[in-house]
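Chemist: When the letters of the sequence shown are read in order and numbered with our numbering, they come out as residues 27 to 601.
Hints in this document: simulated from the structure, not taken from any laboratory.
Since the model is a prediction, treat every value here as computed from it, not as a measurement.
Careful, some of the hints might be misleading.
For each label pair, taking beta carbons as the anchor points, the in silico distance ranges come out as [claimed, not checked]:
#1 ALA238 / TYR490: 35 to 41 Å
#2 LEU239 / VAL125: 33 to 39 Å
#3 ALA362 / PRO476: 33 to 39 Å
Lysine to any residue pairs mimicking SDA-like chemistry, simulated, CA-CA at most 20 Å apart [stated by the list, open to error]:
#4 LYS188 / PRO169
#5 LYS451 / GLU509
#6 LYS284 / SER212
#7 LYS284 / LEU170
#8 LYS394 / PRO332
#9 LYS188 / TYR198
#10 LYS203 / GLU121
#11 LYS451 / GLU470
#12 LYS188 / ALA229
#13 LYS203 / GLU93
#14 LYS188 / THR202
#15 LYS203 / ALA229
#16 LYS188 / PRO375
#17 LYS394 / ALA229
#18 LYS284 / PHE550
#19 LYS203 / PHE185
#20 LYS188 / GLY56
#21 LYS394 / PRO169
#22 LYS451 / TYR436
#23 LYS284 / GLY56
#24 LYS188 / PRO332
#25 LYS188 / ALA174
#26 LYS284 / VAL271
#27 LYS203 / LEU232
#28 LYS188 / GLU121
#29 LYS394 / ALA118
#30 LYS394 / ALA438
Note that CB positions come from ideal geometry on N, CA and C, so glycine has one too.
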Amino acid sequence: MGLVGSTLLQSLIPAGSALVARALVNEVVGLVQGTTTNLGGVWPWLAIGLGLALVDALVSLGGTFIEQRLYDDLDLDVTLALLRHASTLDLASFEDPRVQDIRDRAEQNTARHFILFVSSGLNATLGLLQIATLTAVLAVIEPLFTLALLPLFVPYLHFQWKLARVRYGEGYSRTTKRRWTRYYVSRLTNHESVAEVGLLNLAPLLVGNFRALMTEFRERNRALYRRGLAGGSLFAALTTTAYYVAFARVVLRAAAGKLTVGDVAAYGGAAVRLRSAMESAVRLASQALEQTMYVSNMREFLAISPRLTAAGTQRPSAPRGEVRLENVTFTYPGSATPAVADITLHIRPGETVALVGENGAGKTTLAKLISRLYDPDRGRIYLDRIDLREWDLQYLYRQISFVFQNFGRYEATAADNIAFGDWTKLLSDRARIEAVARQANVEEMVNSLPQGFDTPIGRMFGEYDLSVGQWQRLAVARAFAREAALLILDEPTSNLDARAEYEVFSRFRQLAHGRTTLLISHRFSTVRMADRILVLADGRIVESGTHEALVSRAGHYASLYELHRRQLDGLSAED
């Protein structure tokens, strides 16, 4: 309401100032010509003029203050709305480039577009009200020419609206390319990539790609600037010429004694303000229209529904971790070949099952299906004999601990990196964090850091980074921090040396006791401790059994194991 009130008040000031100028000039002319000798007639008009000027300045400052506060509120509210909705989307949504483009457009200063829509709309309204009041004043002095000139702004309004749509369309079409520019910048500035970029001398290539896209943007922008300049110049030339013709008529009528000098002064000043108000109103109205198109980007993002339906309500009080798959098939969008095909599987509560296979066999995809990061295209998956789709989704996720191949590296303290595994319970409980670290055999590693558990790790905000293997050990500790019924470890020791791997798995049985565990690894020293090994090829389970049974069977697993053994023998011979 503050912005609306200030807008209404400001709309009256130009017309009021014109009337004050008219009266003041007429008073001064009267004094000069001797038709009046009373100087007292000047002071009230000066006082009124001062009052209007002060009100104009203060209202303008007040409007700016209100806009700044509104922007802060909108920035927070809009950002929270985007983050909350993003948190409801599933993995498949974020893997879709189309969704990434929509998200990118929604994040492009949406709060700023909201406030620009409000301020542009109000200021356009202010301009229209000023046009109305100024026209009323000018029409009293010169009605015919004044009213005849108003229609000039209509074609300019149409031009600006069309230009606004073109500008928005340009920005919309650039979304993917704009994401590429940010990617090039990240590769050139991110501490995780700068070493390889430097050694491979990729900087000239990446900078060249960035320059090419930004040059394309610049040239297309300049074409729009030229188009806007041409239209604006034509409007300015027409309106300025037209109003000077009208002003000339006012001057001639004043010379003929039909109007006063105050009328001339008032018309001259008000005509300039009117032309400016017309141009400003048209520009702001088109800007408000353009902002509605940008705001629609946010509506488009908020309209995206997660591909995983979260309508389930089942929340079993004591999950046991029994997993069953029935004829499960899943194909990634855009692919013609199933990543997982017709898999039927039963994992008993507390059983440790290892998945083995070559790259692309479907191991990680199967793990993500079991943890309901994806839904199968066909078939059903059950946890404790309840279809995963019938579980309350967030409750289901709390029953699962997952160490991903691309594990998280959180810019936080070492303690927080462990506590994030079950942060609602652990974040403020240092004793339990240290107990988890001790159980996961990372306590000594963490205590060796400069500030121990309180050491900020990661180069983005801290001064101390970990090796890849140390980060992975923290990720494993984080997984064990949650008392989950189902534990999924996807290459949990791929970055560890032999000693560190031995230390992790020397405690594996203890840590995984009572939990159903799905273990994915290329290391046969790791998978052989599983109760059962499943061998995948081309998205299908082709073998199942213990390490000894599978080796004696001389099948797919045995060939992989023999290849692995020969590689080790070859390395030993070289040593």
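Chemist: If you test the structure against every hint from before, which numbers come out violated?
Modeler: 2, 3, 4, 6, 11, 12, 13, 14, 16, 17, 18, 19, 20, 21, 24, 25, 28 and 30
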